[in-house]
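Sequence lines, in order, name chains A and B.
Just so it is clear: in the first sequence, position 271 is 263 by our numbering, and no numbers are missing.
In our numbering, each residue carries its 1-based index in the second sequence increased by 2.
Treat the hints with care, as some may be off.
Taking lysine-lysine pairs in the DSSO-like style, the calculated list, with each CA pair at most 30 Å apart, reads [as the list claims (entries may be wrong)]:
#1 28(B) with 267(A)
#2 30(B) with 241(A)
#3 183(A) with 226(A)
#4 -4(A) with 183(A)
#5 366(A) with -4(A)
#6 176(A) with 174(B)
#7 6(B) with 19(B)
#8 39(A) with 24(A)
#9 362(A) with 109(B)
#10 267(A) with 155(B)
#11 366(A) with 155(B)
#12 19(B) with 176(A)
#13 141(A) with 30(B)
#14 390(A) with 419(A)
#15 105(B) with 419(A)
#16 80(B) with 176(A)
#17 127(B) with 267(A)
#18 127(B) with 362(A)
#19 109(B) with 366(A)
#20 273(A) with 213(A)
#21 366(A) with 292(A)
#22 177(B) with 141(A)
#23 56(A) with 30(B)
#24 6(B) with 241(A)
#25 183(A) with -5(A)
#26 6(B) with 176(A)
#27 241(A) with 177(B)
#28 6(B) with 109(B)
Derived by calculation from the structure, the hints in this document are not laboratory data.
Small disclaimer: the values here were computed from a predicted structure and weren't measured.
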Amino acid sequence: MGKKLLLEHIDVPGIRTLNVYRQKGGYETLKKALTSMTPDQIVEEVKTSGLRGRGGAGFPTGMKWSFLAKPEGVPRYLVCNADESEPGTFKDRYLMEHIPHILIEGMIVSSFALGANTSYIYIRGEYFYVARILEAAIQEAYDAGLLGKNIMGSGYDLDLYVQVGAGAYICGEETALLESLEGKRGNPRIKPPFPAIAGLYGCPTVVNNVETIAAVVPIVKDGGAAYAQIGIGKSTGTKLISASGHLNKPGVYEIELGLPVEEFIYSEEYCGGIKNGKQLKAVVAGGSSVPILPAHLILKTATGEPRLMSYEGLSEGGFATGTMLGSGGFIAMDEDTSIVKNLWTFSRFYHHESCGQCSPCREGTGWMEKILHKILHGHGTLSDVDLLWDIQSKIEGKTICPLGDAAAWPVASAIRHFRHEFEEYVKAGHSIKDVKHYYRINHLPEPAN
Amino acid sequence: MEKKYQFSPETMAVVQKMISRYPNGKQKSALLPVLHVAQAEFDGWLSSEAMDYVAEVLQITPIEVYEVASFYSMYNLKPVGKCVLEVCRTSSCWLMGSEDIVKHLEKKLGIKDGETTADGQFTIKTVECLGSCGTAPMLQCGSDFYENLTLEKVDRLVENLRNDAERRVYTKDQKVNMD
Ligand SMILES: Cc1cc2nc3c(=O)[nH]c(=O)nc-3n(C[C@H](O)[C@H](O)[C@H](O)COP(=O)(O)O)c2cc1C
Ligand code: SF4
Ligand code: FES
């Protein structure tokens, strides 16, 4: 059994409530932080832990915290990113729905470390019911003196609020999130300045993912060094993985970083293998934005080593033969899956979600969706595949925010590893001989004759 | 007949509480949550009069409200049915058969994606990933998630909702018992 730090008590009945959470040692870490540590000591522990942002980019959290500007007389803010809209990712929802107090405790400890007296949890609007669970938990914490004025008699004050979004993937990008929190359209800001200097209302702000903030609790509890012992190399600690697609046991799993992918997919402790006894065809390992890999490259690296679930393990081989850990949204596809059609759902998604500020992203995502639709419906040509490649290469790195890259990578990787499949669609669309094949790969009922 | 846009005193108290979460002068921050409240109060959609009223409540200009309302997918700028069936169509749900769910609903209700039934009861809306990929396929109605869908479950849901007079909104739990 891998070590569980966040989900250790997930099966305890009533763990959603403050009472049960406290019976299991909840808010002891807050007490430790407020009564025996200085804010700087907490930041040091987080640095020592090696914790990296769990929202997708993997930036070292302690370092991010130490960049926070501290001008005299200006408020500082901690904003929790609970926008979770990367397709394939549902771990933050699971954590907030079942153990809301671990996030709240993490928010208080982290706000204390950063010197914030007002903090916000920005949650995607579709998770309204989860927002209500959080608000109820926050009320419990206020009633118990864990939020508000003079928390636990320490003299530290904190107000914590939940803000609901209204349906926009782009609001997960941290500067778009801040715009949205200010009541505006979710258009990402040009950086610099970074939020650490000028964030919410122009004040120094730290934005962290739900899971990152929750992980601060075990780090402060047992010390950063103990946390750094878990995991592998620079990928310290545990990670929540959202597993979906053609798996026998989809769901949220807490893994120790460094777990072999093969064990994650096939062992009974985790996903229990591919549904209906089929073969694995491909995996998107870190949410829709990361490169798709065919089965042989996700199970083993190009050099034949077992591939490990860690930041370095998944990116081994670069984009040529590797991928990324991303948000930990692990989508498995069986042998019958159409890679082209799956890609089309992604491209449609990015087109729908582009905020429209940069031409390469706004126009390019639309073109890619249209060309894929054309190929998928048997009207494509071989030059369309090259055109797709060309468009994606002209989006990547040429936009204000990384959504452009995120839209380009799935297209590039699908062509890189499954070009033959695109060509099959093109050929099937143009030859009567392959019409059966065309219907099969499009999941259409075959015509009677 | 002129419709009157005015929050009830109880709703106004909720809105004032929302505004109090932000620093003085930053009441615009409450725009997204207040629009959700307005949509729930005013028949499930935001007419330009409803948006003008929200602008007045928050002391901002109407254009600041329009540009936000038109950006986010959860705000309806046209009337919708009492029960908007928001079916996820992205990868994990597609892999698990969301297309069949949409086709089945379209046939059953006699409308296409984006349309509303003549009696104003149902709207079908396909949406992007709702963070329920491990329990795919899924749909959302109001704030409630209906997961691990089968065609049979969809039938039961529709039957349960068909004569339900209550509008489904995001701001309340109104889950239908499917057992
Ligand atoms: C298009 C886009 C969407 C994003 N969505 C999310 C999200 O839903 N949740 C999240 O935590 N981070 C998301 N991020 C990453 C954030 O910008 C930011 O890096 C993160 O919240 C920082 O927190 P962390 O360091 O704790 O990971 C997104 C980034 C981009 C470019
Ligand atoms: S890359 Fe796309 S989503 Fe990001 S700012 Fe530009 S247009 Fe908007
Ligand atoms: S893909 Fe449908 S909920 Fe995520």
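These are the hints, each one checked on the structure:
1. Among the hinted pairs, residue 28(B) with residue 267(A) is inconsistent with the structure: their alpha-carbon atoms are about 51 Å apart, more than 30 Å.
2. A C-alpha spacing of about 44 Å is found between residue 30(B) and residue 241(A), which places the hinted pair above 30 Å, so the restraint is violated.
3. At roughly 27 Å between alpha-carbon atoms, residue 183(A) and residue 226(A) fall within 30 Å of each other, so this suggested pair holds.
4. Pair hint residue -4(A) plus residue 183(A) does not hold up; C-alpha atoms about 36 Å apart against a cutoff of 30 Å.
5. Restraint check: the Cα-Cα separation between residue 366(A) and residue -4(A) comes to about 46 Å, which exceeds 30 Å; the hinted pair is violated.
6. Simply put, residue 176(A) and residue 174(B) have alpha-carbon atoms about 24 Å apart, close enough for the 30 Å limit, and the pair holds.
7. Restraint check for residue 6(B) and residue 19(B): the C-alpha separation of about 23 Å stays at or below 30 Å, so the hint holds.
8. A C-alpha spacing of about 18 Å is found between residue 39(A) and residue 24(A), which places the hinted pair at or below 30 Å, so the restraint holds.
9. Proposed proximity of residue 362(A) and residue 109(B) is supported: the alpha carbons are some 26 Å apart, at most 30 Å.
10. The suggested pairing of residue 267(A) with residue 155(B) holds, with an alpha-carbon distance near 21 Å, which does not exceed 30 Å.
11. Taking the CA atoms of residue 366(A) and residue 155(B), the gap is about 33 Å. The hint is violated against a cut of 30 Å.
12. A threshold of 30 Å between alpha carbons decides the hint, and for residue 19(B) with residue 176(A) the separation of about 20 Å falls inside it, so the pair holds.
13. Proposed proximity of residue 141(A) and residue 30(B) is supported: the alpha carbons are some 26 Å apart, at most 30 Å.
14. Only pairs whose Cα atoms come within 30 Å are accepted, and residue 390(A) paired with residue 419(A) is rejected, the gap being roughly 33 Å.
15. Between residue 105(B) and residue 419(A), the direct Cα distance comes to roughly 28 Å. Compliance with the 30 Å bound is thereby established for this hinted pair.
16. For the suggested pair residue 80(B) and residue 176(A), the alpha carbons sit about 21 Å apart, so the restraint of at most 30 Å is met.
17. Restraint check for residue 127(B) and residue 267(A): the C-alpha separation of about 29 Å stays at or below 30 Å, so the hint holds.
18. Proximity of residue 127(B) to residue 362(A) is assessed by CA-CA distance (about 20 Å); at most 30 Å being required, the pair is judged to hold.
19. At roughly 25 Å between alpha-carbon atoms, residue 109(B) and residue 366(A) fall within 30 Å of each other, so this suggested pair holds.
20. Pair hint residue 273(A) plus residue 213(A) does not hold up; C-alpha atoms about 42 Å apart against a cutoff of 30 Å.
21. Distance check on the hinted pair: residue 366(A) and residue 292(A) sit about 34 Å apart at the alpha-carbon level, beyond 30 Å; violated.
22. Note on residue 177(B) and residue 141(A): the hinted pairing is violated, with a Cα-Cα distance of about 37 Å set against a maximum of 30 Å.
23. For the hint pairing residue 56(A) with residue 30(B), the CA-to-CA distance comes to about 28 Å; that is within 30 Å, so the pair holds.
24. As the CA atoms of residue 6(B) and residue 241(A) are separated by approximately 52 Å, the hinted pair breaks the 30 Å bound.
25. For a cut-off of 30 Å, the pair hint linking residue 183(A) to residue -5(A) is broken: about 38 Å separates their Cα positions.
26. The hinted pair formed by residue 6(B) and residue 176(A) meets the criterion: a straight-line CA distance of about 26 Å does not exceed 30 Å.
27. As the CA atoms of residue 241(A) and residue 177(B) are separated by approximately 25 Å, the hinted pair is consistent with the 30 Å bound.
28. Restraint check for residue 6(B) and residue 109(B): not satisfied, since their Cα atoms lie roughly 37 Å apart, outside the 30 Å limit.
The structure fails hints 1, 2, 4, 5, 11, 14, 20, 21, 22, 24, 25 and 28 (numbered hints given earlier, in ascending order).
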